[in-house]
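Asker: Starting from the structure of chain A, add chain B where the hints point.
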Amino acid sequence: MLVSPHGGRLTARQYEGPEAEEIIEKVKGGTLLTINAREKNDLEMIGNGAMSPLEGFMSRADYESVIDLMHLSAGPVWTLPVVFAQKMGDPDVSPGDHVGLKDNEGTIWGDMQIEDIFKADLIAEADKTLGTNDDSHPGVIYLKSLSGTYIGGKIRSIRRRETESFQNYRLDPKETRVLFRARGWKTAVAFQTRNPIHRAHEYIQKCAMEIVDGLLLHPLVGETQKGDIPADVRMHCYEEILKDYYPPARVAMSVFPAAMRYAGPKEAVFHAILRKNYGCSHFIVGRDHAGVGNFYGTYDAQMIFDQFDPDELGIVPLKFEHAFYCSKCGGMATPKTCAHDNQYHVFLSGKKVRAMLAEGTLPPSEFTRPEIAAILMEAARKGDN
Amino acid sequence: MKGLVIWIRTEEGSDEAILDKLGIEIQERGGRVEVFHSEAVENLGMEKNDKAKAVACAMLASHGVVVITSGAEDPSINPGEKLEIRIIEESNLRKTDIHDSFMRDLELAGLVPAPKYDVHPDEEKEILKKLQDLGYLDD
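Chains as they are written, first to last, in this note's numbering: chain A, 1 to 385; chain B, 1 to 139.
With the rest of the complex left out, here is chain A:
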């Protein structure tokens, strides 16, 4: 049997077709509030059950419980706020109001029954969730752009498939669960990535595959920061490598439509819990997962899992060191398995790889498979990374 969803059941608050039309009809003449890109990603993920047990944007009790105690007020582990900010120029609203949620272009993406409106100390939120209020942290920049007033309440989201990117790879949690069952998987490991696949990632994924029934490659395609490799390039790399290097029956690739928060350790737990909702029993946590710059310690994102009872998490973190090719071992290894000095290790930083690509130099095949290097080179030539 697959792992249970977080909180016991998948929420289902996503609508399309006539039901979606009915929601739009109800709200379009009334009060409409504006959602930003991150909130739109969150709305989608609450609606499709990826953020179970959340049924809407957080009210004060959950918000405070999450930032102070890393648990929802009702009990389950939850490490990051999922909130909706009041926007300048939007109409005044009160608890009890039923409102529509629209983007900047006026497209309606859902509705909300407002339960709570509350002021938040955004600096305190930054300190508690991101571990910093430094203005160079992208999460801090985001928080400081908000009004400081949050609106909480249950939502319904509207699915507009025609607008979705990577349509062939859009699987909701209930769909991945049906897929795993149909393939006979009882355990699955999720790999989250916002980077193209190099040999090190492949090695880690394959190590994890040795102990579970299947691998869910789950590249993040929600909002990321400038400088990250674009999602279409990353997806292309994965499509290419899956052709020849993975057993098809033991791997599934689907996109993860979340926005990056760059919250390091707390986001690592958040990512793990969401993958549990997709039916995964294990989650790969690399070094500096969801980190940015030098804001987090190398192993912070792994150590945070030790603060929770394994039963309340319900998903097993697989903690990996960075991997490299060791010329003396003659294969991929990590500091846990290799006895040799750095001089024998082939390891390149993302910055170095970008510099090589910009110069028209292919990274060595011990670092990146030639098929992947060719895609990255082509993207660099076109100015995509």
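No wet-lab data here; the hints were simulated from the structure.
Ideal Cβ placement from N, Cα and C applies to all residues, glycine included.
Take these hints with a grain of salt, some might be off.
Which residues of chain A face chain B? A partial, calculated answer using Cβ under 10 Å [to be verified]:
1) G8
2) K26
3) E175
Answerer: Then chain B, alone, in the frame of chain A:
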């Protein structure tokens, strides 16, 4: 799973069938349940009062069992760390929305198992078709 006493506040001498009904619901979810009727206190040779009942239920629940009982008064005992006591009015438990939200709170607190999660067979059929169309599964 932490021990739990569900204390249903009832009028003196009221029908205790609602205890059994709730017991069956939790049992069907896979929970370990004991329904503790009023006469059980006497059968244990204890005084027939709510305090004695609360003590007996707490002892039972501290072994990780969900104990369902009823009483006219609130159970005036300290649950300690291994035990939760949740109180609900009988009249409220009979209202579907309050019953559902009470049970959902217990689920989220990890005190009772959630209903076995499953996709409706019709929906599962549709999903399987989609997965085949997208190439995730063979026809």
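Asker: None of the hints should be skipped; say for each whether it holds.
Answerer: Okay, the hints, checked on the actual structure:
{"no.": "1", "hint": "G8", "in the structure": "holds (2 Å)"}
{"no.": "2", "hint": "K26", "in the structure": "violated (21 Å)"}
{"no.": "3", "hint": "E175", "in the structure": "holds (5 Å)"}
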